[in-house]
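Q: Take a look at the letters that make up each chain.
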Amino acid sequence: MSSAESPHAWPGDTLTRVPYWVYQDDANYRAELRRIFEGPVWSYVCLESDVERPGDFRTTFVGEMPVIVVRAEDGTICAFENRCAHRGALIALDDRGKARSFQCIYHAWTYDLRGNLTGIAFEKGSNGRGGMPASFCKEEHGPRKLRTTTLHGLVFASLSPEAPTIAEYLGQEILGRIERVLHRPVRVLGRFVQVLPNNWKLYVENVKDTYHASLLHAFFGTFRITRLTQGGGIIVSPDGGHHASYTIDRADDRVSTAYRDQGIRSEHQNYRLADPSLLDSVDEYGDGIKLQILTVFPNFVLQQIENCLAVRQVLPKGPDSMELHWTYFGFTDDTPEMHRRRLKQLNLVGPAGYVSMEDGCVGGFVQRGAATASDELSVVNMGGEGTESQDTRATEASVRGFWKAYRRYMGV
Amino acid sequence: MAETDPLLTSLQPLVSQLNADYARAIDDDRLEDWPDFFVEQCLYSITSIDNHRQGYPGGLMWADSKGMLQDRVAALRDANIYERQTYRHLIGLPALLGEAEGAVRAETPFLVVRIMRDGRMDLFATGRYLDVIVEDAGALRLRERIVVCDSSRVDTLLALPL
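Protein chains in written order, with the working numbering: chain A, 1 to 412; chain B, 1 to 162.
Rather than coming from a laboratory, the hints here were simulated on the basis of the structure.
One thing to keep in mind: the hints can contain errors.
[Claimed, not checked] With a Cα cut of at most 20 Å, we get these calculated DMTMM-like pairs of lysine to aspartate or glutamate:
no.: 1; chain 1: A; residue 1: LYS404; chain 2: A; residue 2: ASP239
no.: 2; chain 1: A; residue 1: LYS404; chain 2: A; residue 2: GLU162
no.: 3; chain 1: A; residue 1: LYS145; chain 2: A; residue 2: GLU73
no.: 4; chain 1: A; residue 1: LYS98; chain 2: B; residue 2: ASP50
no.: 5; chain 1: B; residue 1: LYS66; chain 2: A; residue 2: ASP280
no.: 6; chain 1: B; residue 1: LYS66; chain 2: B; residue 2: ASP118
no.: 7; chain 1: A; residue 1: LYS145; chain 2: A; residue 2: ASP74
no.: 8; chain 1: A; residue 1: LYS145; chain 2: A; residue 2: GLU123
no.: 9; chain 1: B; residue 1: LYS66; chain 2: A; residue 2: ASP275
no.: 10; chain 1: A; residue 1: LYS138; chain 2: A; residue 2: ASP112
no.: 11; chain 1: A; residue 1: LYS145; chain 2: A; residue 2: GLU64
no.: 12; chain 1: A; residue 1: LYS317; chain 2: B; residue 2: ASP33
Modelling step: build the complete structure from the supplied sequences, incorporating the hints.
A: As structure tokens, then:
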């Protein structure tokens, strides 16, 4: 099977082999922007609290499309392309702000908070000359509008009328896992952008890949934050696109020698923290889950590592580049102790994170390692060939789930 | 004004020397010496001007004890994986902003070039150090260093401290 845009072919119907051209090919990348990011998916755009009051807006992207997300006068959240209907210039130039309306700086065309074109400078011309033709209908011109939906304080947007409701899109199990973490109002603790030298899919696969976590990230394994010998598992949504993985501490793991027996680098017996308060965690959800990583296809990650919480937005920037937008958060009613604990545990994640630093470079290692291997295949076979939920994390089922969804949206 | 205060004027070369020593420790890969520039109960945080202005307290690195700084070094040596790289810090002249109860507040601009193992050099970070400096066991040390980067963007990863 090959897509119309790409000369490359998929290696049959298996989800266990992924060709490297899919991370490299420019035509395939442009097809992804149309078929996935402008297709019937829900892209995460911001927190509901980012656009708290009418007029509050943020600018972001859906795929590579610049987008304005804004709270309208009636309290609904609107999203529209950040592109003037006249000559295509950006309408809003700030990352965030408050507006009564938007005016393009180029020729002063004006938009309301819903993205409707409401004003054209010198529409009637000057001194009876020039101006727009009387037949020009403002209602027929405007930036493309996106549908929006909210879920536990998250805002998602879609360009497609075909996208199902967010509840249908995610399914009950994934919904429940989002609600578990985001069950009360959040307080943002910081925002950072990590520019990654790799195709966006390599990062999404990395997040879904429970197999690598304790192997690549020595910090994880050493401090038993997540190990494959602990309890836990993965949930893969029926369509394959979304997942949640979780780790439950288990007493018998504390004496397990599986990592040592296999000579795995990530376990250092003598590694001790000089200040162990970093890992002074509390079971704030009361369910023993130390770590939960959740993805929503195609661009959203929700992370709970101990008491360290963040959402991550994946923005593709060409076949071999992407941005990862981190928003660290706690809750508005956190005690001072919990607040301080979260600030300490933020050392675990982000561009300098003890357990996520490596994810910043490993995608680039794949991009560089496979530079001339376009038609070679990577192997995604741990835990079998399917995409079913499993009660182990020594599996790549959720990575195969990604490819199941990807191939359906791409029609390949 | 700061330059008319004789105490602050006399301290400026000492603060500059502290910064020069700090930069050499990191750039010469003597990371184990880095925590010694801080007092035991300290605050070290790397943030951005945007986060700083909005009052967001979270940092890319965040430590409230010298032990946490030592743990950062230990993780960089023994746990974390990153391609071999070095920094070249250029640290400007400190502006001494005031003194109270034996602590001096200083603000100092910096620029860091990152040199990767293949020789690639990039302007990696610029910003300001917002410092609270005290005398501790006969030397000036940092009680607080908030590293306020001019940008919230980080290329690939931030391994070594700024």
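Q: Does each hint fit the structure? Answer for all of them.
A: We went through each hint and held it up to the structure:
Simply put, LYS404(A) and ASP239(A) have alpha-carbon atoms about 7 Å apart, close enough for the 20 Å limit, and the pair holds. Between LYS404(A) and GLU162(A) the alpha-carbon distance is near 19 Å, which keeps this suggested pair within the 20 Å criterion. Proximity of LYS145(A) to GLU73(A) is assessed by CA-CA distance (about 17 Å); at most 20 Å being required, the pair is judged to hold. Distance hint between LYS98(A) and ASP50(B) is fulfilled; the C-alpha atoms sit about 17 Å from each other, no more than 20 Å.
In summary, the hint linking LYS66(B) to ASP280(A) is supported, as the alpha carbons are separated by about 17 Å, within the 20 Å threshold. Annotation: proposed proximity of LYS66(B) to ASP118(B) is violated, straight-line Cα distance about 33 Å (limit 20 Å). Restraint check for LYS145(A) and ASP74(A): satisfied, since their Cα atoms lie roughly 17 Å apart, inside the 20 Å limit. For the hint pairing LYS145(A) with GLU123(A), the CA-to-CA distance comes to about 23 Å; that exceeds 20 Å, so the pair is violated.
Distance restraint check for LYS66(B) and ASP275(A): the Cα-Cα separation of roughly 8 Å lies within the 20 Å cut-off, and the hinted pair is therefore satisfied. Under the criterion of a C-alpha separation no larger than 20 Å, the hint pairing LYS138(A) with ASP112(A) is consistent with the structure, at around 12 Å. Annotation: proposed proximity of LYS145(A) to GLU64(A) holds, straight-line Cα distance about 15 Å (limit 20 Å). Annotation: proposed proximity of LYS317(A) to ASP33(B) is violated, straight-line Cα distance about 39 Å (limit 20 Å).
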